[in-house]
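When you get a sec, could you build the whole thing from the sequences and use the hints?
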Amino acid sequence: MGKMHVKMTVNGKQVEGLAEPRTLLIHFLREDLNLTGPHIGCDTSHCGACTVDMNGMSVKSCTVFVAQANGAEVTTIEGIANADGTLHAIQAAFAEHHGLQCGFCTPGMITRAHRLLQANPSPTEEEIRYGISGNLCRCTGYQNIVKAIQAAATTLNTAAKEAAE
Amino acid sequence: MIPGQFEYHRPTSVADAVGLLAKLGEEARVVAGGHSLIPMMKMRMAQPDHLVDLQDVSELKYIREDGGDLVIGAMTTQSEVIASDLLAQKCPVLAEAALQIADPQIRNLGTLGGNVANGDPGNDMPAVMQALDARYDLAGPNGTRQVSAREFYEGAYFTALADGEILTAVRFATPAAGHGWCYAKQKRKIGDYATAAAAVILTLSGGKCTAASVTLTNVASTPLHAEAASNALVGTALDAAAIDKAAAEAMAVADPASDGRGPAEFRTRVAGVMVRRATEAARERAAG
Ligand SMILES: Cc1cc2nc3c(=O)[nH]c(=O)nc-3n(C[C@H](O)[C@H](O)[C@H](O)COP(=O)(O)OP(=O)(O)OC[C@H]3O[C@@H](n4cnc5c(N)ncnc54)[C@H](O)[C@@H]3O)c2cc1C
Ligand code: FES
Ligand code: FES
Chain A
0 MGKMHVKMTV NGKQVEGLAE PRTLLIHFLR EDLNLTGPHI GCDTSHCGAC
50 TVDMNGMSVK SCTVFVAQAN GAEVTTIEGI ANADGTLHAI QAAFAEHHGL
100 QCGFCTPGMI TRAHRLLQAN PSPTEEEIRY GISGNLCRCT GYQNIVKAIQ
150 AAATTLNTAA KEAAE
Chain B
0 MIPGQFEYHR PTSVADAVGL LAKLGEEARV VAGGHSLIPM MKMRMAQPDH
50 LVDLQDVSEL KYIREDGGDL VIGAMTTQSE VIASDLLAQK CPVLAEAALQ
100 IADPQIRNLG TLGGNVANGD PGNDMPAVMQ ALDARYDLAG PNGTRQVSAR
150 EFYEGAYFTA LADGEILTAV RFATPAAGHG WCYAKQKRKI GDYATAAAAV
200 ILTLSGGKCT AASVTLTNVA STPLHAEAAS NALVGTALDA AAIDKAAAEA
250 MAVADPASDG RGPAEFRTRV AGVMVRRATE AARERAAG
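As given, the protein sequences belong to chains A and B, one line each in that order.
Going by numbering that gives the first Met the number 0, the first residue of the first sequence is number 0, and it counts up by one from there.
Going by numbering that gives the first Met the number 0, the first residue of the second sequence is number 0, and it counts up by one from there.
Source of the hints: derived by calculation from the structure; they are not laboratory data.
All clues stand as given, with none of them false.
Capping the alpha-carbon separation at 20 angstroms, the derived lysine to any residue pairs in SDA-like fashion look like this: (1) LYS207/B <-> ALA241/B; (2) LYS6/A <-> ARG9/B; (3) LYS2/A <-> HIS8/B.
Now the in silico label distances, taken between C-beta atoms and shown as ranges: (4) HIS97/A <-> ASP162/B: 50 to 60 angstroms; (5) ASP162/B <-> GLY70/A: 21 to 31 angstroms; (6) GLY70/A <-> ALA14/B: 17 to 27 angstroms; (7) ASP254/B <-> ASP31/A: 40 to 50 angstroms.
None of these values were measured; they are calculated from a predicted model.
Here a beta-carbon is modelled for each residue, glycine too, at the ideal position from N, C-alpha and C.
So this is what it looks like as structure tokens:
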């Protein structure tokens, strides 16, 4: 039961490494790739702090073996900012609207919001609340997180419209 | 929490997966979405020596109509059930139930096959499958067979699935157009298993209920097909008296444990309330 060779695309870059199949994706990201943005909150698939994007879907990386993610395309919070290094509209909106306090849930929350807005660019408040229902926040009471996601949706939709014109 | 070590296999066909299970023997386990198995492995309640991952077995990922049946491949995720136009049109109770399972991230990986094969009485899909009178397709070293969902569950984590068998699909007769349906689940929060839940499928004709099935989740060591409750509805106009009777019959077969979700008496009571709500909603949704 040795290590296996794993290869995946993380934040647009091909990465590879040797890991035991039982290694959890969150540990591979944090410890082998030094991507410490995604956090371990509960380690029991409840809190969503470890949320990353895998093959175009939000998943909890504490509940995925690295072996299962072999060959996958993964995006973490480190891959969300704009190419020029400026904050993505969702990140900027979280800062602007106080969508975070301690910040522990924030990487998972933003990575989840990013996927949510791709699937549904103009969500209602209810759709946002259900959409982030797998992400717990112990600080904000969610109100400002919802506001931030709504504001980001407006910004992104306006930018898309301008680009189309 | 670090699970035990295992060797990892990723076959690309049912035949290869079944072959691997036969070769590797008892210490091999299938992994689908992993969202019941990995938490168990992290707590070392499961320590398989081999994991046979079905994610690349693409022949297990489909939702289709086959004659008068709806057939859903085992590796179809809960999110895919929710997104299916065919199911929305022909059997909307599945999406209603899937939406009450866990949260979006978990539904993206958790599969229908894993949910029904797992055998945890907290799983929601088994009772829905019993309400639809579904059959499970099983493939093993000696070929394939079918088992009724109403006979599949033997106890908590004990099912009719034999060593070396894989559940390949669930199938059920496409419910009659205009049927009434509901899955009502009481839970403490999103991501919680049911305090109690009920599935109801029924048909109405001329204002009278001509067929009904009532099933329950998480109020016994298996899902329950509440036959007496179902019979209490058939032939009635689904009036208050009939619904009272069905709720009482369901409570009579419920046998939940006392746990963090409440004492057994409370959970039994909730089972009755869920049957009442599900029947009322199904009545409103039914045509005829
Ligand atoms: C926080 C949390 C909350 C949850 N809440 C709910 C809930 O409210 N309701 C609910 O129903 N579920 C809930 N779940 C469980 C979730 O729905 C699981 O995804 C599901 O129970 C199992 O599906 P899976 O594809 O993940 O299976 P896995 O975890 O991969 O497998 C589960 C078991 O089934 C076996 N198995 C899987 N597929 C097959 C197959 N095709 N043939 C034979 N055996 C197979 C495996 O060997 C294993 O023993 C929750 C999970 C978590 C982590
Ligand atoms: S650490 Fe993965 S869900 Fe909490
Ligand atoms: S900001 Fe502290 S947990 Fe969300």
